[in-house]
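J.: Using the sequences and the hints, build the whole thing.
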Amino acid sequence: DAGVTQSPTHLIKTRGQHVTLRCSPISGHKSVSWYQQVLGQGPQFIFQYYEKEERGRGNFPDRFSARQFPNYSSELNVNALLLGDSALYLCASRPDRGRYSPLHFGNGTRLTVT
Amino acid sequence: RKEVEQDPGPFNVPEGATVAFNCTYSNSASQSFFWYRQDCRKEPKLLMSVYSSGNEDGRFTAQLNRASQYISLLIRDSKLSDSATYLCVVNGAGGGADGLTFGKGTHLIIQP
Chain A
1 DAGVTQSPTH LIKTRGQHVT LRCSPISGHK SVSWYQQVLG QGPQFIFQYY EKEERGRGNF
61 PDRFSARQFP NYSSELNVNA LLLGDSALYL CASRPDRGRY SPLHFGNGTR LTVT
Chain B
1 RKEVEQDPGP FNVPEGATVA FNCTYSNSAS QSFFWYRQDC RKEPKLLMSV YSSGNEDGRF
61 TAQLNRASQY ISLLIRDSKL SDSATYLCVV NGAGGGADGL TFGKGTHLII QP
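Protein chains in written order, with the working numbering: chain A, 1 to 114; chain B, 1 to 112.
Hints were generated in silico from the structure; no laboratory data involved.
Treat the hints with care, as some may be off.
Claimed, not checked - Derived pair list, reagent style PhoX-like, types lysine-lysine, alpha-carbon separation capped at 25 Å:
hint : chain 1 : residue 1 : chain 2 : residue 2
1    : B       : LYS104    : B       : LYS79
2    : A       : LYS30     : B       : LYS45
3    : A       : LYS13     : B       : LYS42
4    : B       : LYS79     : B       : LYS45
5    : A       : LYS30     : A       : LYS52
6    : B       : LYS2      : B       : LYS45
7    : B       : LYS42     : B       : LYS104
8    : A       : LYS30     : B       : LYS42
9    : B       : LYS104    : B       : LYS2
T.: Encoded structure:
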């Protein structure tokens, strides 16, 4: 079975540009979460989507937005990129909305903002 | 007190040795606990869930101490391939809607 897939793998953008990152969850998983991981830190929660609705948002500015599609895939959008947005962006899925099951991560998208 | 706290290391350990590290959490209402392994520039991968009674998976043993609010990971007969960053993950520690809060990770280096 395919795991969580993310695209693109790497991306280089300039300050002020916008970016769209894509994620396909494991088949049968309805919940998708997005995390940002900067070097030397653990992943930081950005969004959770379940059944196409936003179920939670972390402490990130409104420049960050996301959505989930009927097939449960998801997009993360970041506008007006800043140098500080350079990070590994991780998508993770789980079968349900529940808090008790572990997350399964994709390979991530490494974003570099210059 | 940080929500999930780990000693960042690095822990430099000779091959074949036993190594253990702890993780403390602040929310006594936390319900579930995990250890993830992350290799350099890769995604985190679930190593094991941590159960109240403690659990073992091969060379790896995880323990939960609710009274003192910490979880531990023990690696026996360490291999070079065990070199990685180990992330402690706690549910209900004030994390986002999906409930999970990650520690910063403990960096382990197994030396030949």
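J.: Sort out whether LYS42 (chain B) lies within 25 Å of LYS13 (chain A), counting only the CA atoms.
T.: Roughly 21 Å between the alpha carbons, so the hint for LYS13 (chain A) and LYS42 (chain B) holds.
J.: Do the alpha carbons of LYS2 (chain B) and LYS45 (chain B) lie within 25 Å of each other, as the hint requires?
T.: At roughly 23 Å apart (the allowed maximum being 25 Å), LYS45 (chain B) and LYS2 (chain B) satisfy the hint.
J.: Between LYS30 (chain A) and LYS52 (chain A), does the CA-CA distance stay at or below 25 Å?
T.: With Cα atoms ~8 Å apart, LYS30 (chain A) and LYS52 (chain A) stay inside 25 Å; holds.
J.: Is LYS104 (chain B) within 25 Å of LYS2 (chain B), Cα to Cα?
T.: holds (11 Å)
J.: Hinted pair, alpha-carbon criterion (25 Å max): LYS30 (chain A), LYS42 (chain B). Please report holds or violated.
T.: Holds: LYS30 (chain A) and LYS42 (chain B) sit about 24 Å apart, inside 25 Å.
J.: Under the criterion that the straight-line Cα-Cα distance not exceed 25 Å, is the pair LYS42 (chain B), LYS104 (chain B) satisfied?
T.: holds (15 Å)
J.: Sort out whether LYS45 (chain B) lies within 25 Å of LYS79 (chain B), counting only the CA atoms.
T.: holds (18 Å)
J.: Has the given pair, LYS30 (chain A) with LYS45 (chain B), been kept, meaning a C-alpha gap of at most 25 Å?
T.: holds (19 Å)
J.: Against the 25 Å threshold, does the CA-CA distance of LYS104 (chain B) and LYS79 (chain B) hold or violate the hint?
T.: Distance ~23 Å between LYS104 (chain B) and LYS79 (chain B) Cα, so the pair holds.
Consistency with the previously given hints is maintained throughout, with no hint failing.
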